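**Student:** Single-letter residue listing:
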Amino acid sequence: MESFLNDWGLSIPTFLPIIGAAVMMLIPKDREQLHKLIALATTVAVAVFGLLLLIQFVDNDNYGALNFVVDKGWIDVIDSRYILGVDGISLPLMLMTMLIVPLCVIYSWNHFPEPHNPKAFLMLILILETGMIGTFAAQDLILFFVFFEVVLLPMYFMIGVWGGENRRYAAIKFFLFTLFGSALMLVSFLALYFLADAGTFDMRLLPEAAAGIAKSSQVWVFGGMFLGFGVKVPIFPFHTWLPDAHTEAPTVGSVILAAVLLKLGTYGFVRIAIPILPEAAAEWAPFIGLLAVIGIIYGALGCLAQRDLKRLVAFSSVAHMGFVMLGISTLTDFGINAAVFGMVAHGLITGMLFFLAGSVKERYHTLDMSRLGGLLVQAPRMGWILGFCAMASLGLPGLAGFWGEFPAILASYNPAEVLAEETFRSYMVIAALGTVLAAGYLLWMLQKTAFGNPREEFANDPNVHDATVSEYLAWAPLLILIVVLGVYPQLLFGATDPAVVNSISECLDSVTSGACFDAAAGK
Amino acid sequence: MLSSLPSIVGFVRPDIDWHAVAPELTLLGVGAVITLLDIVLLERGRAYTSALAGIGLLVALIPIVTLAAAGDTREMFGGAFVVDDFALILKAMFIVVAYIVVLLSTNYIAEGDYWENEYYGLLLASVMGMVLMASARDLVTIFVALELLSIPAYLMAAWRKADPRSNEAGLKYYLMGVFASAIMLYGMSLLFGLAGDTRLSEISATVAQEGSNPVVILGIIFVIVGFAFKVSGFPFHTWAPDTYEGSPTPVTAFLAVASKAAGFVALMQLVYVGFPDAQDIYQPLLWILAVGSMTAGNLIALRQENIVRLMAYSGVSQAGFMLAPLAVAGDIGGEALSAVITYVLIYAAMNLGAFAVIIAVARRTASGEIRSYAGLFKYAPGMTVLMTIFLFSLAGIPPLGGWFAKFAVFRAVLEADTGWGYSLAVIAAVNSVIALFYYAKVARMMWFEDVPEEADTTSLRVPPSLVAALGLTAAATLLFGIYPSVITHFTDGTLIALP
Numbered sequence: 001m002e003s004f005l006n007d008w009g010l011s012i013p014t015f016l017p018i019i020g021a022a023v024m025m026l027i028p029k030d031r032e033q034l035h036k037l038i039a040l041a042t043t044v045a046v047a048v049f050g051l052l053l054l055i056q057f058v059d060n061d062n063y064g065a066l067n068f069v070v071d072k073g074w075i076d077v078i079d080s081r082y083i084l085g086v087d088g089i090s091l092p093l094m095l096m097t098m099l100i101v102p103l104c105v106i107y108s109w110n111h112f113p114e115p116h117n118p119k120a121f122l123m124l125i126l127i128l129e130t131g132m133i134g135t136f137a138a139q140d141l142i143l144f145f146v147f148f149e150v151v152l153l154p155m156y157f158m159i160g161v162w163g164g165e166n167r168r169y170a171a172i173k174f175f176l177f178t179l180f181g182s183a184l185m186l187v188s189f190l191a192l193y194f195l196a197d198a199g200t201f202d203m204r205l206l207p208e209a210a211a212g213i214a215k216s217s218q219v220w221v222f223g224g225m226f227l228g229f230g231v232k233v234p235i236f237p238f239h240t241w242l243p244d245a246h247t248e249a250p251t252v253g254s255v256i257l258a259a260v261l262l263k264l265g266t267y268g269f270v271r272i273a274i275p276i277l278p279e280a281a282a283e284w285a286p287f288i289g290l291l292a293v294i295g296i297i298y299g300a301l302g303c304l305a306q307r308d309l310k311r312l313v314a315f316s317s318v319a320h321m322g323f324v325m326l327g328i329s330t331l332t333d334f335g336i337n338a339a340v341f342g343m344v345a346h347g348l349i350t351g352m353l354f355f356l357a358g359s360v361k362e363r364y365h366t367l368d369m370s371r372l373g374g375l376l377v378q379a380p381r382m383g384w385i386l387g388f389c390a391m392a393s394l395g396l397p398g399l400a401g402f403w404g405e406f407p408a409i410l411a412s413y414n415p416a417e418v419l420a421e422e423t424f425r426s427y428m429v430i431a432a433l434g435t436v437l438a439a440g441y442l443l444w445m446l447q448k449t450a451f452g453n454p455r456e457e458f459a460n461d462p463n464v465h466d467a468t469v470s471e472y473l474a475w476a477p478l479l480i481l482i483v484v485l486g487v488y489p490q491l492l493f494g495a496t497d498p499a500v501v502n503s504i505s506e507c508l509d510s511v512t513s514g515a516c517f518d519a520a521a522g523k
Numbered sequence: 001m002l003s004s005l006p007s008i009v010g011f012v013r014p015d016i017d018w019h020a021v022a023p024e025l026t027l028l029g030v031g032a033v034i035t036l037l038d039i040v041l042l043e044r045g046r047a048y049t050s051a052l053a054g055i056g057l058l059v060a061l062i063p064i065v066t067l068a069a070a071g072d073t074r075e076m077f078g079g080a081f082v083v084d085d086f087a088l089i090l091k092a093m094f095i096v097v098a099y100i101v102v103l104l105s106t107n108y109i110a111e112g113d114y115w116e117n118e119y120y121g122l123l124l125a126s127v128m129g130m131v132l133m134a135s136a137r138d139l140v141t142i143f144v145a146l147e148l149l150s151i152p153a154y155l156m157a158a159w160r161k162a163d164p165r166s167n168e169a170g171l172k173y174y175l176m177g178v179f180a181s182a183i184m185l186y187g188m189s190l191l192f193g194l195a196g197d198t199r200l201s202e203i204s205a206t207v208a209q210e211g212s213n214p215v216v217i218l219g220i221i222f223v224i225v226g227f228a229f230k231v232s233g234f235p236f237h238t239w240a241p242d243t244y245e246g247s248p249t250p251v252t253a254f255l256a257v258a259s260k261a262a263g264f265v266a267l268m269q270l271v272y273v274g275f276p277d278a279q280d281i282y283q284p285l286l287w288i289l290a291v292g293s294m295t296a297g298n299l300i301a302l303r304q305e306n307i308v309r310l311m312a313y314s315g316v317s318q319a320g321f322m323l324a325p326l327a328v329a330g331d332i333g334g335e336a337l338s339a340v341i342t343y344v345l346i347y348a349a350m351n352l353g354a355f356a357v358i359i360a361v362a363r364r365t366a367s368g369e370i371r372s373y374a375g376l377f378k379y380a381p382g383m384t385v386l387m388t389i390f391l392f393s394l395a396g397i398p399p400l401g402g403w404f405a406k407f408a409v410f411r412a413v414l415e416a417d418t419g420w421g422y423s424l425a426v427i428a429a430v431n432s433v434i435a436l437f438y439y440a441k442v443a444r445m446m447w448f449e450d451v452p453e454e455a456d457t458t459s460l461r462v463p464p465s466l467v468a469a470l471g472l473t474a475a476a477t478l479l480f481g482i483y484p485s486v487i488t489h490f491t492d493g494t495l496i497a498l499p
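Taken in sequence, the protein lines are chains A and B.
Under my numbering, the first residue of the first sequence carries the number 1, and numbering increases by one thereafter.
Under my numbering, the first residue of the second sequence carries the number 1, and numbering increases by one thereafter.
Any given hint might turn out to be false.
Derived DSBU-like pairs (lysine-lysine); straight-line CA-CA distance at most 35 Å [as the list claims (entries may be wrong)]:
{"hint": "1", "chain 1": "B", "residue 1": "378", "chain 2": "A", "residue 2": "361"}
{"hint": "2", "chain 1": "A", "residue 1": "29", "chain 2": "B", "residue 2": "441"}
{"hint": "3", "chain 1": "B", "residue 1": "441", "chain 2": "B", "residue 2": "172"}
{"hint": "4", "chain 1": "A", "residue 1": "173", "chain 2": "B", "residue 2": "378"}
{"hint": "5", "chain 1": "B", "residue 1": "441", "chain 2": "B", "residue 2": "378"}
{"hint": "6", "chain 1": "B", "residue 1": "172", "chain 2": "B", "residue 2": "161"}
{"hint": "7", "chain 1": "A", "residue 1": "173", "chain 2": "A", "residue 2": "361"}
{"hint": "8", "chain 1": "B", "residue 1": "378", "chain 2": "A", "residue 2": "29"}
{"hint": "9", "chain 1": "A", "residue 1": "173", "chain 2": "A", "residue 2": "29"}
{"hint": "10", "chain 1": "B", "residue 1": "161", "chain 2": "B", "residue 2": "441"}
{"hint": "11", "chain 1": "A", "residue 1": "173", "chain 2": "B", "residue 2": "441"}
{"hint": "12", "chain 1": "A", "residue 1": "361", "chain 2": "B", "residue 2": "441"}
Which stretches of chain A does chain B cover? Using the computed rule of at least three CB atoms under 8 Å from a CB of chain B, they are [unchecked claim]:
{"hint": "13", "segment": "64-78"}
{"hint": "14", "segment": "177-184"}
{"hint": "15", "segment": "356-370"}
Label pairs and their computed distance ranges (CB to CB) [said to hold, decoys possible]:
{"hint": "16", "chain 1": "B", "residue 1": "43", "chain 2": "A", "residue 2": "79", "range": "17 to 27 Å"}
{"hint": "17", "chain 1": "A", "residue 1": "79", "chain 2": "B", "residue 2": "209", "range": "31 to 41 Å"}
{"hint": "18", "chain 1": "A", "residue 1": "214", "chain 2": "B", "residue 2": "494", "range": "24 to 34 Å"}
{"hint": "19", "chain 1": "B", "residue 1": "454", "chain 2": "A", "residue 2": "381", "range": "42 to 52 Å"}
{"hint": "20", "chain 1": "A", "residue 1": "381", "chain 2": "B", "residue 2": "369", "range": "44 to 54 Å"}
{"hint": "21", "chain 1": "B", "residue 1": "369", "chain 2": "A", "residue 2": "33", "range": "36 to 46 Å"}
{"hint": "22", "chain 1": "B", "residue 1": "457", "chain 2": "A", "residue 2": "381", "range": "58 to 68 Å"}
Keep in mind the hints are simulated off the structure, nothing from the lab.
Note that this is a predicted model, so its numbers are computed, not measured.
A virtual CB, placed ideally from N, CA and C, is assigned to each residue, including glycine.
Kindly produce the complete structure, drawing on both the sequences and the hints.
**Tutor:** Next comes the structure, spelled out in structure tokens:
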């Protein structure tokens with residue numbers, strides 16, 4: 001078993017969804033039940049595989065290094081290789097992906113959005129899953145880029161075909177923004193390749209190879225990556241695609257978008273941009289931190305201005321990703337651990353909130369908060385779940401959201417030595433203000449939707465009922481994880497910390513002393 | 001008496017390597033057989049013509065494979081005709097492309113009541129010109145090959161005789177083609193006047209010595225501009241949209257892929273063999289052409305309502321991408337050549353695929369308007385998915401083939417490590433985003449819009465030859481993207497034989 005997992009443990013779950021999609025392609029589209037079963041079986045199989053990986057990963061007890069490494073030739077002429085591997089940073093994100101996707105399939109079991117067509121919808125979800133898992137597993141820049149882009153098309157079609165009224169605009173906006181970022185990101189990757197002159201795209205080797213690049217060039221290359229990842233996160237001025245995409249996307253699309261796709265951007269910073277170009281990162285960090293806190297405040301204010309529940313959750317994503325970016329911009333292992341935790345927590349919590357928004361929309365056929373109200377009366381269980389998730393989202397201690405926000409704020413009290421303390425301490429104060437605003441908009445949202453009495457138009461609407469079985473099934477694992485991670489965060493920190501220390505801190509610490517430089521120059 | 005003629009005029013027959021010219025001769029033979037068939041069998045022969053043309057093309061691949069297996073570089077006529085890796089790859093590509101064009105044409109020509117024998121005869125003649133072009137290392141040979149591939153194409157563009165648009169297409173193409181040839185010939189005559197030899201290898205020596213001579217500069221500029229017409233680069237692209245729109249669609253596919261590629265083949269030979277030392281002249285010129293083509297082509301494509309015109313402008317923009325590596329060819333050498341060939345090969349697969357879908361859909365809608373694609377996903381999901389694959393491959397989205405083509409271009413221009421290279425890379429990156437917009441416009445029409453009221457939504461019937469063409473191009477597009485080593489295996493390394 002162990003050697004099987006070492007050789008195939010990552011390739012199989014990465015490509016299994018594509019195989020499932022290929023099988024579905026051959027089956028006529030009116031056999032809907034069969035399509036659903038195949039999609040469920042595939043995604044559950046992937047999740048089971050993820051569980052096996054987790055067990056073996058714990059058993060290997062080598063959190064800091066890459067596990068299950070596969071290294072095969074791919075495109076020899078450009079020295080790009082098929083390299084997969086996971087460490088403590090990528091494993092939680094990958095497992096979260098493997099968990100969320102089957103839950104999405106379960107959730108949509110009986111309510112496929114218009115124009116229905118489960119075959120195409122589920123095939124797109126499966127293709128998305130391959131792209132997402134592959135991105136977290138890839139250890140070669142070009143392979144990473146390819147997987148990073150694979151998610152674009154399915155999401156574009158998911159928004160464009162199954163989305164709301166304004167779906168065409170939202171879909172193309174999402175696509176163009178992301179593509180713009182990733183085109184420049186690719187140029188950066190190539191520039192890195194030539195400047196490092198090591199003849200490799202291997203992420204494991206590049207940190208050392210890139211140390212010799214002149215600082216001015218590093219700053220430019222980092223800038224390209226910043227655009228590529230920053231659009232995906234999204235960092236403040238590039239965030240405008242996000243509210244549109246989220247609002248128009250079908251429920252499941254929003255969930256996947258919020259839970260996983262946004263993390264591809266932050267993961268890129270943690271995995272690629274900072275370890276490979278630490279010096280440039282130090283130059284950029286105050287700027288990124290600034291944009292992050294602007295995002296926190298702007299996102300929160302944006303939330304307060306919304307009438308649409310889904311749009312509110314979308315803006316809250318901007319704010320939450322601001323905390324993640326703030327953690328990253330401190331360039332300390334504490335901050336980056338917090339960021340990884342924040343990614344997972346945001347994935348679980350905001351994923352849940354989008355599920356809930358979808359269910360509200362299905363019952364009331366509107367998300368306009370001025371027309372909603374009394375969810376606790378009409379659908380008490382769902383109302384309580386919404387309350388629970390709002391609490392988690394505002395960072396209540398004891399739930400997962402807290403461990404994403406609080407350490408990030410704490411880390412900015414004491415950023416890496418190269419960074420100006422005063423700057424980051426003022427960021428800290430602003431970010432802390434952001435948490436107050438977060439409490440404000442989430443409670444306001446809760447008041448508007450859950451409290452009070454139902455409006456007349458919905459008071460006796462038989463369509464408004466409590467959560468159904470498929471909803472419970474889809475939500476329970478997320479709710480449990482939110483509590484478990486909140487009560488026992490060490491579960492996650494224990495995995496991420498060795499990896500963060502191993503892949504990032506070593507080089508970051510040496511930025512100040514110049515040891516990273518000397519090591520490369522001495523070779 | 002005739003046997004004594006050579007001794008009177010002092011003619012000595014040069015050595016002919018029959019193996020090396022076997023592909024050209026095969027095509028000539030098949031073309032002749034098709035023409036004879038028409039004379040002998042008359043109407044009864046019509047049914048066999050397209051099959052015969054297809055088989056003939058596949059037979060012509062055999063000597064290419066055996067030449068590749070032999071692996072040596074062959075020269076004839078004092079270096080005017082060279083068979084090296086470069087020539088073999090491109091000959092094979094031209095023949096495969098022509099085979100797919102035959103597949104695309106089969107039903108179109110048969111159902112349209114056109115003359116089949118002439119059509120396939122001309123097609124084979126044009127392909128022969130292209131195959132010859134890949135080996136031509138001499139100004140006269142290049143010119144003969146160019147005319148051989150162009151003149152049948154002028155006729156084919158006007159094949160729909162009853163339609164004034166097709167006449168316009170043919171006439172416009174002819175006039176612009178002749179104009180371009182004249183400019184090119186003038187440039188060639190300048191180069192020949194100085195070098196005293198038509199072989200590129202000799203011209204290369206002269207250019208190296210007299211690089212700053214205005215006559216040389218003028219000659220190089222004229223020759224390159226002449227081919228810029230052929231590859232429909234900005235600002236010499238104006239014929240393309242009208243010609244593409246008016247021509248029979250299979251002919252458009254042929255022009256957009258094979259004819260354009262032939263122009264690039266000639267450009268590559270000129271740049272690498274003809275004037276490698278004149279990089280100060282050709283690099284800035286090609287840089288301007290590349291940037292202009294990709295930007296102008298894209299911007300105009302944004303506003304197109306007709307799918308074929310959209311493909312024409314997208315072709316202008318794609319030509320800009322193909323020109324880009326040549327704009328740094330002097331700085332990085334053979335890598336630029338590999339990048340262009342990689343691009344041309346992948347472009348051939350995805351562009352032919354897109355035209356195959358256009359032909360298949362037009363059988364139903366009888367329209368080229370992008371509007372007519374509305375709701376295609378509802379009644380022709382397979383065709384929609386294929387078109388989506390081809391369009392997004394053209395846009396360069398991984399894991400479809402086009403991404404590697406674009407990647408190869410980025411890699412080449414960045415490798416130059418010059419301001420020209422970096423600026424070109426950034427402009428190309430921005431352009432690939434703009435391009436996405438109009439490709440996505442078609443995709444949006446197919447997937448997101450509703451079917452028009454009056455449309456016939458029974459499922460689409462696609463004839464077997466089109467299915468074959470779609471299958472081949474889609475498989476190639478996906479394979480090239482997922483495992484690009486299949487291409488780089490051929491395009492990497494020193495391809496072109498330098499004297």
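**Student:** The structure should be examined with respect to each hint, and the outcome stated for every one.
**Tutor:** Each hint tested on the structure:
The suggested pairing of residue 378 of chain B with residue 361 of chain A holds, with an alpha-carbon distance near 26 Å, which does not exceed 35 Å. Restraint check: the Cα-Cα separation between residue 29 of chain A and residue 441 of chain B comes to about 26 Å, which is no more than 35 Å; the hinted pair holds. For the proposed pair residue 441 of chain B and residue 172 of chain B, the alpha carbon gap of about 29 Å is at most 35 Å, so the pair holds. As the CA atoms of residue 173 of chain A and residue 378 of chain B are separated by approximately 24 Å, the hinted pair is consistent with the 35 Å bound.
Pair hint residue 441 of chain B plus residue 378 of chain B holds up; C-alpha atoms about 17 Å apart against a cutoff of 35 Å. For the suggested pair residue 172 of chain B and residue 161 of chain B, the alpha carbons sit about 15 Å apart, so the restraint of at most 35 Å is met. With a C-alpha separation of about 23 Å, the suggested pair residue 173 of chain A and residue 361 of chain A falls inside the 35 Å cut-off, and the hint holds. Restraint check for residue 378 of chain B and residue 29 of chain A: satisfied, since their Cα atoms lie roughly 11 Å apart, inside the 35 Å limit.
As the CA atoms of residue 173 of chain A and residue 29 of chain A are separated by approximately 30 Å, the hinted pair is consistent with the 35 Å bound. Note on residue 161 of chain B and residue 441 of chain B: the hinted pairing holds, with a Cα-Cα distance of about 32 Å set against a maximum of 35 Å. The straight-line distance between the Cα atoms of residue 173 of chain A and residue 441 of chain B is roughly 12 Å, inside the 35 Å bound, and the hint therefore holds. Distance restraint check for residue 361 of chain A and residue 441 of chain B: the Cα-Cα separation of roughly 29 Å lies within the 35 Å cut-off, and the hinted pair is therefore satisfied.
With 6 residues bearing a CB less than 8 Å from a CB of chain B, the segment 64-78 of chain A meets the requirement of three and the coverage assertion stands. Counting residues of the segment 177-184 of chain A whose CB falls under 8 Å from any CB of chain B gives 4; the rule of at least 3 is met. Coverage of the segment 356-370 of chain A by chain B is violated in this model, with 0 residues showing a Cβ closer than 8 Å to a Cβ of that chain against a need of three. At roughly 59 Å, the beta carbons of residue 43 of chain B and residue 79 of chain A sit outside the given window of 17 to 27 Å.
Taken as a hint, the range 31 to 41 Å holds for the pair residue 79 of chain A and residue 209 of chain B, whose Cβ atoms sit roughly 39 Å apart. For residue 214 of chain A and residue 494 of chain B, the hinted distance range of 24 to 34 Å is satisfied, since their beta carbons lie about 32 Å from each other. Take residue 454 of chain B and residue 381 of chain A: their Cβ atoms lie about 50 Å apart, and the range 42 to 52 Å holds. Our hint of 44 to 54 Å for residue 381 of chain A and residue 369 of chain B holds, since their Cβ atoms are close to 53 Å apart.
The hinted range of 36 to 46 Å is satisfied by residue 369 of chain B and residue 33 of chain A, whose Cβ atoms lie roughly 39 Å apart. The hinted range of 58 to 68 Å is not satisfied by residue 457 of chain B and residue 381 of chain A, whose Cβ atoms lie roughly 44 Å apart.
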